[in-house]
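Could you put together the complete structure from these sequences and hints?
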Amino acid sequence: MMKTIRIGTRSSELALWQAITVSNQLQYLGHETEIIKIDSIGDEVLNKPLYELGTTGVFTKNLDVALLNDKIDIAVHSMKDVPTILPKGIVQAAVLKRGLYHDILVLKDNEDFFTKKTATIATGSLRRKAQWLYRFPHHQITDLRGNVNTRMRKLKENDWNGAIFAMAGLKRIGILPDNIMKLDWMIPAPAQGAVMVAALDSDKELLDILLELNDSETALCVNIEREFLNKLEGGCSAPIGALAMIKDDELKFKGALFSTDGKQKIEFSKTVPANHTTDIAQFAASYIIDKGGKKLMRKEGEVEKEINIFSTKNLSIGQKSGLNQQIGTNMSDFITIRYNRIKPAVIKQPLKHVIFSSQNGVESILESFMASELNFEHIYCVGRRTKRLIEKKIGKVTHVENSAGNLADYLVEHIKNEEITYFCGDKRRDELPGILSKNGIGLNEVIAYKTLLSPNKLAKKYDGILFFSPSGIESFLSKNSVDQEVAFCIGGTTAKEAQKHFKTVIEAKLPSVESVLNSVNAYFIK
1 MMKTIRIGTR SSELALWQAI TVSNQLQYLG HETEIIKIDS IGDEVLNKPL
51 YELGTTGVFT KNLDVALLND KIDIAVHSMK DVPTILPKGI VQAAVLKRGL
101 YHDILVLKDN EDFFTKKTAT IATGSLRRKA QWLYRFPHHQ ITDLRGNVNT
151 RMRKLKENDW NGAIFAMAGL KRIGILPDNI MKLDWMIPAP AQGAVMVAAL
201 DSDKELLDIL LELNDSETAL CVNIEREFLN KLEGGCSAPI GALAMIKDDE
251 LKFKGALFST DGKQKIEFSK TVPANHTTDI AQFAASYIID KGGKKLMRKE
301 GEVEKEINIF STKNLSIGQK SGLNQQIGTN MSDFITIRYN RIKPAVIKQP
351 LKHVIFSSQN GVESILESFM ASELNFEHIY CVGRRTKRLI EKKIGKVTHV
401 ENSAGNLADY LVEHIKNEEI TYFCGDKRRD ELPGILSKNG IGLNEVIAYK
451 TLLSPNKLAK KYDGILFFSP SGIESFLSKN SVDQEVAFCI GGTTAKEAQK
501 HFKTVIEAKL PSVESVLNSV NAYFIK
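Following the working numbering, the numbering of the sequence shown begins with 1 at its first residue and continues without gaps.
It cannot be assumed that every hint is accurate.
[Stated by the list, open to error] List time: in silico EDC-like cross-link candidates among lysine to aspartate or glutamate, alpha-carbon distance up to 20 Å:
no. : residue 1 : residue 2
1   : Lys320    : Glu507
2   : Lys156    : Asp109
3   : Lys396    : Glu363
4   : Lys254    : Asp290
5   : Lys348    : Glu445
Because the hints were derived from the structure by calculation, they are not lab data.
If you want it as structure tokens, here you go:
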């Protein structure tokens, strides 16, 4: 490669050590290099714990942007900071041989505090906090942010008993003190101690060069750890630890999920042949989820803020990251969908006109039949997400509208003297059938799914409640009263129902979860 390889890195001493290490290895292979410093939101916002920054990738995003904009050729990361799903166009090009993966406690003075009733330990990591409290529930945890030099300085300046660090970071920049305790019992962060090099997937020549830096054994272990993290939907905002090690042709894996207060722990460990590791991450994640992990993560997603909202539908971590960090969330599914078994006679003959007003109708018919069995000439639907699902799994959509009423008006204008088959739920609204009936259009309704109410009594008052269907409102009101909460609704039908009970109702601009969350941000954050 004739051109100079531009290496992007954060400007902290540890990040520069990593970049210089990569640079030296590339120069050894005969390549010219240049180091370019680019800082991140994780470096700039030092007054909040990582789990309150509201997103994963706080240390890598700016490097990703620089890579995509051709400001740099490669980006060098502490692999534990890298989101488990990389941006489109960027790939993991190499993983250097792993360093020390242990966490350590750097002592302020000595170990005498362990004999006392209480102690104060500093860390900005939710994972370290949870594991320390699991072992020492009578201790206090205080937040500690900044690069390793800043954190060491803060330890000296405060009256804490100790602070938790990654051993590799301190050793790499030559500031590992003597007064430390190696925390062998603490499960490290996935990929802790590993350095990753990222590049564009389109630069095949550079990818071939970087492959020479890759340590295959390290890559196998850290990829398993990160896949485990991905399957649990965790990042800096979840207390998850994982470690995979290869010894004597066997891979030993241990993974765990904790509650942030350290009171609960779900752990998995297994040893498999090193050449049969394909599904161990999935198996481990499924085990933890089956043992109550999903419920624990939902609970731990609640961070108390000045503004707090409640969602009547469980949100993914990715969806929650769209909320302003000043807004706290709690959530629970207030309705449950049960798909019906649809009789084969319904689709035995080709259907000329078919309506789906929700994704549930689509999923239900696919539970009963393979896509190849469906012969629909024209498909009409409500919502862009429903359209995407149909076109991904069934076939092309003839027309889409953002509400059932608008779709009914379109059908009245374009269909005359023909029957339409409507795959709907048992609690479908009357608007669409009413408009079609009034205009003489025959409608064959197929009850494809049932909506079951699963209400919960809220333990406290919230500033806003998020609703995604009229049934969700019905379920909520069956156990809760309305005070001054603002109702945020996914569409006009839901908003119309909410207006019967709430003084303030905000309808999302688009019928999507993301649009509902955007309306929350717009209302509360001026």
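Hint-by-hint comparison with the structure:
Between the alpha carbons of Lys320 and Glu507 the distance comes to roughly 19 Å, so the proposed pair stays at or under 20 Å and holds. Proximity of Lys156 to Asp109 is assessed by CA-CA distance (about 10 Å); at most 20 Å being required, the pair is judged to hold. As the CA atoms of Lys396 and Glu363 are separated by approximately 16 Å, the hinted pair is consistent with the 20 Å bound. Our distance criterion of 20 Å between C-alpha atoms is met by Lys254 and Asp290, whose separation comes to about 16 Å.
This hinted pair checks out: Lys348 and Glu445 have alpha carbons roughly 16 Å apart, not beyond 20 Å.
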